[in-house]
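K.L.:
Chain by chain, the residues run as shown.
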Amino acid sequence: MAKRKKEEILHDHNNDGVDRRGFLKCMAWAGTGALCVMEGGILKSYSLSRLGEISAREMAGELSFVQISDSHMGFNKPANPDVAGTLKSAVQKINGLSKPPGFMLHTGDISHLSKPEEFDTVDQILKSANAKDVFFVPGEHDVLNDDGKSYLERYGKNAKGAGWYSFDKKGVHFIALVNVMNLKAGGLGTLGHEQLEWIEDDVQHLKSSTPIVLFAHIPLWSVYPEWGWGTEDSAQALAYLKKFGSVTVLNGHIHQIMQKVEGNVTFHTAASTAFPQPQPGKADSPGPMKVPAEQLKNVLGITDVNYVQGRNALAVVDSTLA
Amino acid sequence: MMTKSVCIVGLLATVMVATLLLSAGSPGSSANTAEPASAEVKVDNFSFGPATLTVAVGTTVTWTNRDDIPHTIVSTDKVFKSKVLDTDEKFSFTFSKAGTYPYFCSIHPKMTGSVVVQ
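The listed protein sequences correspond, in order, to chains H and S.
The C-terminal residue of the first sequence carries number 322 in our numbering, and the numbering is unbroken.
The C-terminal residue of the second sequence carries number 440 in our numbering, and the numbering is unbroken.
Hint data in this document are derived by calculation from the structure and do not stem from the laboratory.
These numbers were taken from a predicted model, which means no experiment stands behind them.
Hints may contain errors.
The calculated EDC-like cross-link candidates involving lysine to aspartate or glutamate, where the alpha carbons are at most 16 Å apart (straight line), are [unchecked claim]:
| no. | chain 1 | residue 1 | chain 2 | residue 2 |
| --- | --- | --- | --- | --- |
| 1 | H | Lys77 | S | Glu362 |
| 2 | H | Lys160 | H | Glu117 |
| 3 | H | Lys157 | H | Asp133 |
| 4 | S | Lys405 | H | Asp147 |
| 5 | S | Lys403 | H | Asp133 |
| 6 | H | Lys77 | S | Asp410 |
| 7 | S | Lys432 | H | Asp284 |
| 8 | H | Lys282 | H | Glu226 |
| 9 | H | Lys184 | H | Glu232 |
| 10 | S | Lys405 | H | Asp146 |
| 11 | H | Lys160 | H | Asp202 |
| 12 | H | Lys184 | H | Glu117 |
Not everything, but these chain S residues come out facing chain H in the computed CB check (under 7 Å) [what the hints assert, rightly or not]:
| no. | residue |
| --- | --- |
| 13 | Gly371 |
| 14 | Thr374 |
| 15 | Asp390 |
| 16 | Thr398 |
| 17 | Phe426 |
| 18 | Ser428 |
| 19 | Ser436 |
We treat Cβ as the ideally placed atom computed from N, Cα and C, and that holds for glycine.
Same shape as in the complex, but just chain S:
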């Protein structure tokens, strides 16, 4: 009897460990995952979407230009600055500090957006 219950507990423990390992291994399913966070902003029709993006500290934000006209991503406070992005070109920046980061397109300055890092 004793031997059998030890065996069952041992089996349960094995299943639990396996389950934990599986959940940690599946992408994006756990808050404890070591995967770096990422977010996207689309540059489309002379506007940024979303115009205000809220992300966690450490998130890498990628802008993609979907217009037929080149644009730039330039931080108003000179924190980051892309080269000129032609159609379908991308720019990424990793936000390592909390704060609000307003930015604009230096070619079409009416285009403005901001990234809020919490």
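Only chain H is shown next, with the shape it has when bound in the complex:
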């Protein structure tokens, strides 16, 4: 059963005539980690254990940023009774990078129960990072009680709709999307008509050579729909990006590292800074996974992304907190 599901993911493509020879899927567990370098639409991945063999030029870039995800501040169950401590470890790891990142992306589930004090704690801890700017998108845990009003007041002052926005950094166009609102019974994540129209308009005037980074909480590809790990209308969003040579999609939600390349699009999910979740279909439910305390930091982590201008390449490096 589980094996069949894995095959489904392998062959889950857009039916868009993309040459499947270029199709590459790598799935790396936090604890092993992978460095991925994309150049001209082709992704190369290296095990973190082989980092010494990769040249500095391949790892360096004119733009580097870090993705963190799923802090779940307020969670205190056996899977991790100290989520503040592991978030602090993530910040230490970021501050220990050889080159300080330009900024950070947080791909949602900042809090566990949308409480103001939970957001306060995360904001306080992130202040000690050497990257000052943090760009957020909400997870479903951040918009629990008031349809996201308090989230928007705190993080979305300049955002549109339920909190979507875009910005440019050194020639790379970043698009922050919200797919955790108005979820329907039996359904997956959803972007909705208004946001889809905005995406189409947002990228209309960009040159096709512009590298695009899309980030949202729930994966924008079908990781495992049986557990709700996918977004109903993501294919429509990606259709608007077909003309671009380099599209990178960064997500959280599933608390584990996964990567997939389909044509011009590289999909990547980040580890949680709080607790791990099981592999798709490998447990009765996607609930928090309890691992021995000494192993916890091996399954939590951060993602470091480097962009080399002029090469259309983004290198994605996952690090564990260990």
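Given the coordinates of chain H, assemble chain S onto it according to the supplied hints.
P.N.:
Quick look at chain S alone, frame taken from chain H:
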């Protein structure tokens, strides 16, 4: 003789009344009891158990979240809606009209269930 049989009938009547009173007083033993009906749904492992619950009109259904992750109980037809239930928190709703009430967890919409009220 007459007096004695009246006494026996009287005694029997007393015993019968006492028995009726006792059975009415014992909890849940009679269909005529005035006690309100109740039923439970457990939220466990990202699912509702039982997924379909059939109850009589007037029954109060209580959901209890047994997961380490918060869930909600939201009627698809907007008849009822819980606040966010953290671990071990409960939500109750009394069904006063017959019908089928589908519901889901608005945080994890793959979790669906229904209450059939007859």
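K.L.:
Each of the hints needs a verdict: does it hold here or not?
P.N.:
Each hint, compared with the structure:
At most 16 Å may separate the alpha-carbon atoms for a hinted pair to count; Lys77 of chain H and Glu362 of chain S exceed this at roughly 24 Å. With a C-alpha separation of about 25 Å, the suggested pair Lys160 of chain H and Glu117 of chain H falls outside the 16 Å cut-off, and the hint is violated. At roughly 15 Å between alpha-carbon atoms, Lys157 of chain H and Asp133 of chain H fall within 16 Å of each other, so this suggested pair holds. The suggested pairing of Lys405 of chain S with Asp147 of chain H holds, with an alpha-carbon distance near 12 Å, which does not exceed 16 Å.
For the suggested pair Lys403 of chain S and Asp133 of chain H, the alpha carbons sit about 37 Å apart, so the restraint of at most 16 Å is broken. A threshold of 16 Å between alpha carbons decides the hint, and for Lys77 of chain H with Asp410 of chain S the separation of about 12 Å falls inside it, so the pair holds. As the CA atoms of Lys432 of chain S and Asp284 of chain H are separated by approximately 14 Å, the hinted pair is consistent with the 16 Å bound. Pair hint Lys282 of chain H plus Glu226 of chain H holds up; C-alpha atoms about 12 Å apart against a cutoff of 16 Å.
Restraint check for Lys184 of chain H and Glu232 of chain H: satisfied, since their Cα atoms lie roughly 10 Å apart, inside the 16 Å limit. Proximity of Lys405 of chain S to Asp146 of chain H is assessed by CA-CA distance (about 10 Å); at most 16 Å being required, the pair is judged to hold. A hinted pair counts as satisfied when its Cα atoms are at most 16 Å apart, and Lys160 of chain H with Asp202 of chain H qualifies at roughly 12 Å. For a cut-off of 16 Å, the pair hint linking Lys184 of chain H to Glu117 of chain H is broken: about 29 Å separates their Cα positions.
For Gly371 of chain S, the interface hint is violated, the least distance from its beta-carbon to any beta-carbon of chain H being 12 Å, above 7 Å. With a cut of 7 Å, the hint placing Thr374 of chain S at the interface with chain H is violated, because the nearest CB-to-CB distance is about 14 Å. Annotation: interface hint on Asp390 of chain S holds; nearest CB of chain H at approximately 4 Å, less than 7 Å. Among the interface hints, the one on Thr398 of chain S holds; its C-beta lies about 5 Å from the nearest C-beta in chain H, closer than the 7 Å criterion.
At about 4 Å, the closest approach between the beta carbon of Phe426 of chain S and any beta carbon in chain H falls short of 7 Å, and the interface hint on this residue holds. Contact between Ser428 of chain S and chain H, as hinted, is supported at the beta carbon level, the nearest pair being about 6 Å apart and thus within 7 Å. Because the closest C-beta pair between Ser436 of chain S and chain H is about 10 Å apart, greater than 7 Å, the hint is violated.
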